[in-house]
Amino acid sequence: GAVVSQHPSWVICKSGTSVKIECRSLDFQATTMFWYRQFPKQSLMLMATSNEGSKATYEQGVEKDKFLINHASLTLSTLTVTSAHPEDSSFYICSVGGQWFQGYTFGSGTRLTVV
Amino acid sequence: QQQVKQSPQSLIVQKGGISIINCAYENTAFDYFPWYQQFPGKGPALLIAIRPDVSEKKEGRFTISFNKSAKQFSLHIMDSQPGDSATYFCAASMSTRQFYFGTGTSLTVIP
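The listed protein sequences correspond, in order, to chains B and D.
Each residue of the first sequence is one higher than the one before, counting from 1 in this note's numbering.
Each residue of the second sequence is one higher than the one before, counting from 1001 in this note's numbering.
The following block holds chain B by itself, in its conformation from the complex (with noise of 0.2 Å):
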């Protein structure tokens, strides 16, 4: 499978600030990366469909405009999540992967904590 480096790992900030979430393939060329958000003790809920090259898909019920998504390179997807709020805390997950059969690879996630 992909080699996937999500960075940060863990993020503190301020109520109504933005930050910044990296997804990197570092062995695969990914045309489409997926960001889920986790709540604690829940499963994974799919978000987005990152493309490169083009505008993101979003799942029903996520804002667009709060998390916004870039996929400019092949190997790069960001989240951003703007005017973040507390009930944005949550752990959020970037999977790559090659042909769909082979499964996705997930990065390490990142923890975003907003006080």
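In case anyone wonders, no lab produced these hints; they're calculated from the structure.
Do not rely on the hints blindly, as some may be mistaken.
Said to hold, decoys possible - Restricting the straight-line Cα-Cα distance to at most 25 Å, the calculated cross-link-like pairs of lysine-lysine (BS3-like) are: (1) D:K1015 <-> D:K1071; (2) D:K1068 <-> D:K1057; (3) B:K14 <-> B:K66; (4) D:K1058 <-> D:K1071; (5) B:K14 <-> D:K1057; (6) B:K41 <-> D:K1068; (7) D:K1068 <-> D:K1015; (8) D:K1071 <-> D:K1005; (9) D:K1042 <-> B:K41; (10) D:K1042 <-> B:K20; (11) B:K64 <-> B:K14; (12) D:K1068 <-> D:K1005; (13) D:K1071 <-> D:K1042; (14) B:K41 <-> D:K1015; (15) D:K1058 <-> D:K1068.
Please read these numbers as outputs of a predicted model, since none were measured by experiment.
Put chain D on the given structure of chain B with help from the hints.
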């Protein structure tokens, strides 16, 4: 709407025992069924996966059993070890590559 239903929510097994986690799905368009293992504070890691043209797949101590007619699949962990203690997620995917995850099972293997 939960596309993939997973049970049990938590599981406690003695060391050396068999851990069994079950998942069920409705959408017959799903054609890839992976299992992921997640440790606290880490992203999920692919454990084993199966396609619907196979009824069973075994990799080491981990086995997936797949029942296409019942639309169910399960993960069996043989000779469970304390190091297997983690949260396990089943998932299902179509060729569109979008994954749907189960709700997770917290496994605790006691020595």
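Exercise. Does the structure keep K1071 (chain D) and K1005 (chain D) at a Cα separation of 25 Å or less?
Worked result: holds (11 Å)
For this session: With a cut-off of 25 Å on the C-alpha distance, tell me whether K1068 (chain D) and K1057 (chain D) pass.
Result: At roughly 14 Å apart (the allowed maximum being 25 Å), K1057 (chain D) and K1068 (chain D) satisfy the hint.
For this session: Mind checking the alpha carbons of K1015 (chain D) and K1071 (chain D) for me, to see if they're no more than 25 Å apart?
Result: Since the Cα atoms of K1015 (chain D) and K1071 (chain D) sit roughly 30 Å apart, the hinted pair is violated (cutoff 25 Å).
Exercise. Holds or violated: K1068 (chain D) with K1015 (chain D), Cα cutoff 25 Å?
Worked result: Judged against 25 Å, a Cα distance of about 31 Å means the pair is violated.
Exercise. Can the restraint linking K1071 (chain D) and K1042 (chain D) be considered satisfied, given a maximum Cα separation of 25 Å?
Worked result: violated (30 Å)
Exercise. Is the straight-line distance between the alpha-carbon of K1058 (chain D) and that of K1071 (chain D) 25 Å or less?
Worked result: holds (19 Å)
For this session: Could you grab the alpha-carbon distance between K1042 (chain D) and K41 (chain B) and see if it respects the 25 Å cut-off?
Result: Given pair K1042 (chain D), K41 (chain B) holds - Cα atoms ~13 Å apart, limit 25 Å.
Exercise. Keeping to a limit of 25 Å between CA atoms, is the pair of K64 (chain B) and K14 (chain B) held or broken?
Worked result: Holds, because 21 Å separates the two Cα atoms, which is no more than 25 Å.
For this session: Take a quick look at whether K1068 (chain D) and K1005 (chain D) sit within 25 Å of each other, Cα to Cα.
Result: The hint holds at about 15 Å.
Problem set entry | Given pair status - K1068 (chain D), K1058 (chain D), alpha carbons within 25 Å | holds (17 Å)
Exercise. Regarding the pair K14 (chain B) and K66 (chain B), is the alpha-carbon distance no greater than 25 Å?
Worked result: holds (16 Å)
Exercise. Does K20 (chain B) lie within 25 Å of K1042 (chain D) when you go C-alpha to C-alpha?
Worked result: holds (19 Å)
Of the numbered hints listed earlier, those contradicted by the structure are 1, 5, 6, 7 and 13.
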